[in-house]
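J.: Place chain W on chain Y using the hints.
Protein chains: 2
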Amino acid sequence: MFYPEPISKLIDSYMKLPGIGNKTAARLAFYTIEMPDEEVTDFAKALISVKRDLSFCSICGNITDQDPCEICSDESRDKSTILVMESSQDVVAMEKMREYHGRYHILQGVLSPMDGTGPEDINIPTLIKRLQEDEEIIEVIIATNATSEGEATAMYLSRLIKPSGIKVTRLAHGLSAGSDIEYADEVTLLKAIEGRQEI
Amino acid sequence: MFYPEPISKLIDSYMKLPGIGNKTAARLAFYTIEMPDEEVTDFAKALISVKRDLSFCSICGNITDQDPCEICSDESRDKSTILVMESSQDVVAMEKMREYHGRYHILQGVLSPMDGTGPEDINIPTLIKRLQEDEEIIEVIIATNATSEGEATAMYLSRLIKPSGIKVTRLAHGLSAGSDIEYADEVTLLKAIEGRQEI
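As you go down the protein sequences, you meet chains Y and W in turn. Note that the UniProt record's numbering gives residue 146 to position 146 of the first sequence, counting from 1, and the numbers run on in steps of one. Note that the UniProt record's numbering gives residue 197 to position 197 of the second sequence, counting from 1, and the numbers run on in steps of one.
No incorrect hints appear here.
Repeated chains share a single entry, so a pair holds when one copy, or any two copies, can fit it.
Here are the computed lysine to any residue pairs in the SDA-like style, where the Cα-Cα straight-line distance is at most 25 Å:
1) Lys23 with Lys96
2) Lys9 with Leu28
3) Lys96 with Thr147
4) Lys16 with Tyr3
5) Lys9 with Arg52
6) Lys45 with Glu34
7) Lys51 with Asp37
For the record, the hints were derived by calculation from the structure and aren't laboratory data.
Bound conformation, chain Y alone:
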C-alpha cells in the first residue's frame, strides 16, 4: 500500500494525460483532494460533457456543440472563401487573429500514406461535395501545416480542386515574425527566398 485506492485511481487517470508523469500526477491528485467540492464536481462534469455534447459540424467538420457550428451558421461571414485546416485547434489560432472573415473546412487529419490515412479517412470527400454544391465559393485557401504530410495534402487538394475552376491558394511560407535569420532552418530560408516579394 502506498496510496488509498481513490487516490491511486485518480493518479492513474492524471497519468493518462500527455506530459504528466508519476510525480506530477500524485501532486495533482493531492491538490485535487484540497480543492473545493464544487470545483471538482465541475471538473468531472466538464470531462463527461466534452465526450457527450461535442460532435463534428456537418458542413465544415469542426468540433462543435451545435450543428451547423457557430461559424457555418454565422450569416455575416464571407461565403466565397474556404480556409482548409488540419484541426480545430488551428481554427482557434486563426480566429484569434480576427482578420479572416471567411469560412472553414476542417480535415481532422492529414494525408499520411505511412499511417494508412487516405483521402477517404479525413474530411476530403465532404470538402469536394461542398465545392460542387456551393456555387458561391470562389477561393479555397489551403492552410495545412508546413510539415511533409501537410505539404503533400496541400498538393493533393490543389490538383483535385483546380480543374473545377475554383482558385486554390496556400498560406505564405517564410520567416516567422521576430525570428532571427541566423537560426532559421534551411527549408524556411529556401521558402523565404522563393517567396520573396518586391517592396
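T.: Only chain W this time, still in chain Y's reference frame:
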C-alpha cells in the same frame, strides 16, 4: 467565440490545477476529446471519488478510505514508535523506503503564526491525547520538513512532549545522498558540521 462551451469549461477546470496554464489546458482538453469514452468516464469518477470516499484516520490523521487507516489497523506494525509528519505525501515517501515499521501521526499542516495556524488548527491535540492514552508509545520521531515552520513545529512538539518522559527525536539533517558540497547551501553545511559523527 474561440471554443465551444464544453471545451472552454474543461479548459477552465484544467487551468485550476497547479502549474497548468492557458495553452497546456487547451492541449489537455483537446487531448481529452480524443481519449476513449471509458477512460474519460473513469477520470470523472475518480475525481468524484477522492472528494466523496476519502476521510482522515481518526487515530493518526492520515488521508484514508477506511477508518482506522491501513497502517493504524495493521497489527504487525511496531506500536512503540510514532513518526510525526506534516502531510500524507510525506508518509508515501517514508513508506517507499520500506525501513520504517512503526506508526505515524500526520499533522496535516505546520505551525505558522504568519498564516494564523496554531496548535489547535493542526493535529496536535489528537497527538497529545494519543500519547496520554497509549502507554505502549516510547518514542516520538519528529519528521517535519526542514523549513523554518517545520523546525518551529518540531521545537514546539519537543517541549510539549518531553515532560511526559516519552523520548523525542528529530530526523537527521545534513548533506543529501549524492549531493555536491560545492553546491550545498550554508544552512545545510552548518547542520552537517553540527551533526557530524565519529567513523
